Amino acid sequence: MNDILEILADNARISVGDLAKLTGKNKQTIEKEIKSYENKGVIVKYKTVINREKIKDEKGVVALIEVQVIPQKDVGFDTVAARIYRFPEVKSCYLISGTYDLLLVVEGKDIHTVASFVSEKLAPLSSVKGTVTHFMLKKYKEDGVVLVKEGKNQRLAITY
Amino acid sequence: MISKIVEQVSPSGIREFFDLVLGMPEVISLGVGEPDFISPWRVRERAITALEEGMTSYTSNQGLFVLRRAISNHLKKKYSLAYNPEEEILITAGVSEGFDLAVRTVVEPKDKVIVVSPYYVAYPALVQICSAKVLYLTTRQEDGFKIDPKQLSKLLSQNPKAIILNYPSNPTGVTYSYEELKEIWRLLSKKEVIVISDEIYEELTYEGSHHPFASLSQKAKMRTVFLNGFSKGYAMTGFRVGYACANRRIISAMNKIHSYSALCAPIISQLAAVEALQAQRQVNQMRNEYKRRRDFIVKELNRVGLSTVMPEGAFYCFSSLKKLKIKSMEFAKKLLYDQKVAVVPGTAFGKEFDCYVRISYANSLDNLKESIVRIEALLSKIC
Ligand SMILES: Cc1ncc(COP(=O)(O)O)c(C=O)c1O
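In the order they appear, the protein sequences are chains A and S. Sequence positions in the first sequence follow the numbering used here and run 613 to 772. Sequence positions in the second sequence follow the numbering used here and run 572 to 954.
Hints were generated in silico from the structure; no laboratory data involved. Quantities reported herein were computed from a predicted structural model and do not represent experimental measurements. Possibly wrong hints are sitting among the right ones.
[Unchecked claim] Derived DSS-like pairs (lysine-lysine); straight-line CA-CA distance at most 25 angstroms: (1) Lys-637(A) - Lys-827(S); (2) Lys-639(A) - Lys-862(S); (3) Lys-870(S) - Lys-639(A).
With the hints as extra help, turn the sequences into a complete structure.
Pasting the structure below:
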C-alpha cells in the first residue's frame, strides 16, 4: 500500500492538509489521488469502528453463519452468493475454502431476529444445503484495534 | 564518603526540571528518549516462550553464540561488514553498558577524549569517571550540526586517546554521508586515536543510507569500537540488550570488565534479540511512521518560528529559540506550566546550547499536532 492509503486505513478523518504535511505531496495531488482511488474502487467506504459494548442501551447481536451451498448446474458460487448477500441483515459475505462455502456476518436486534432470518430467509433457499450459526460473545479486537483495555505504556515522561 | 571523581561528574542542572515534569500527570511529553512503539509481537512472543522453556540461567560472558552469529550475518548482509562472532562481538546490557566498557577499556586517567557536542549525556560523564579529560568539538546549526573538519584537526593536534562519534545523533538527528565520513576518517587516520562509534539509531535513518564507521576501510575497522543495539530501531529499550564489535584485543579486554561487572546480558533479552533481527518488516513499518511524523513536525516547527535543521535520523528535533531571545530552561518551564508540553532544554546536551530545545517525535501524530497548537499559543504570548 502506498503512504496515503496506509494513513487513511488507520484514520479516515485525517484532513488533506495533514496528509500533505505527512507525505510531502501537495494538496491537489493528494485530492486527485484519493479521487482516483475512490473511482477505481480501491477506497470503498470511510467507516468508523465503534465499540458497541460501550454504548448504553445498545442491544444487538452479531452472528457468524457458515453456509453450505448445493452446487448447481450452470450456476456458480457468485450467483448463489448474490442471492444471499442482498439481504440487508448480511453485513459481510465471503467465499471460503474448507468444509463450508460461504461465511456470513449477520447483525440483528436480538437472538430471535437472527434465528428467524436463518430459518425463514436463509435456510429455505433451494441452493442452501445447511447452515451453522455462531453467536459472537465478546469482541477483543476489531479491524486491527484492540477493544479490551490494554496495559498502559510505561514510558517515563522524560528521558535522555 | 562519596568518591571525589563521582562527585565531580557534572551534576545535571536538568534533573530538577525532569522532576517537575514527572510530577505533572496531564502533560504531553516530547521529552521522551525512547520509542512509543511496543516491541514487535514476535519479539515479545519469543521472550515469553523463552520463559516457558525455562531459559533463566546465565549465558557465556560474551553472550549467546546464536545471537553473535545472527548479528555477524546481519552486518555482513546489510553493510558487507565482517565481524567474527567467535571473538569480535560482545553482547552487552544495552549500548549504555557497551559504551561504558569501551571507554574503560581504552581510556586511562589524564587521557583526552573528543566528544562532539551537543552530545548524548552519558559521554562526558563516563569519560570523566575514567578521570580523563573531555575535549568538546562543538558543532553549529549553521553547519547543520555536523563536525567541522578544521575544528577536528585542531583537537587532534592535542593527541586525544579516543573520539566518540554518534550518528544518527541524539539530540540533533544529524547523520553523515559516505563522503563526509571518509573526510573524518582521513583526518583521524593520521593519528592513533580510537573511534568509539555509537550507532544505536542506525536503523532509523530516513535520508540516504547509514554507513557504519567501521565499514569505511579495514584500517578504520581495526580502530573502531562499533556500538549498536536493539533499544531504538527494534523498540526494545526495556530488554537491555546491545552489542559491541571491534578487533579481538579490544573485545577481549571489554569482556574482561564485563565478566566481572555485568557477567552477561539477560538471557531472555538475548533470545528475543535473535528474533528481533528477523523482524525487519516491523522495523520498516516503525521507520516509515517516524519519517512521516518527522516530515510533519519539522515543517510545523519551522512554520511557527522554531528554526529546525531537518534531522536525517533518530527521532529528535533540535530546535532553535534564537528568535525568541529566551533561555532554554525558561522556555521549557513556560511551555510546561502554560501549555503542559514537555521538551528538554538544550543545556542538557552541552552548555553552549542554551538557545535550543530537544523535541522528540516518538509520539503519536495526534499528540504532535496538539503540541504544535500549544507551542504556537505560547509563542503568540511571548513574542
Ligand atoms: C545516543 C544513545 N546511545 C545510547 C543510548 C542507550 O541505549 P541502550 O538502551 O542500548 O542502553 C541512548 C538512549 O537514549 C542514546 O540516545
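Looking back at the numbered hints, which does the structure fail to meet, lowest number first?
1
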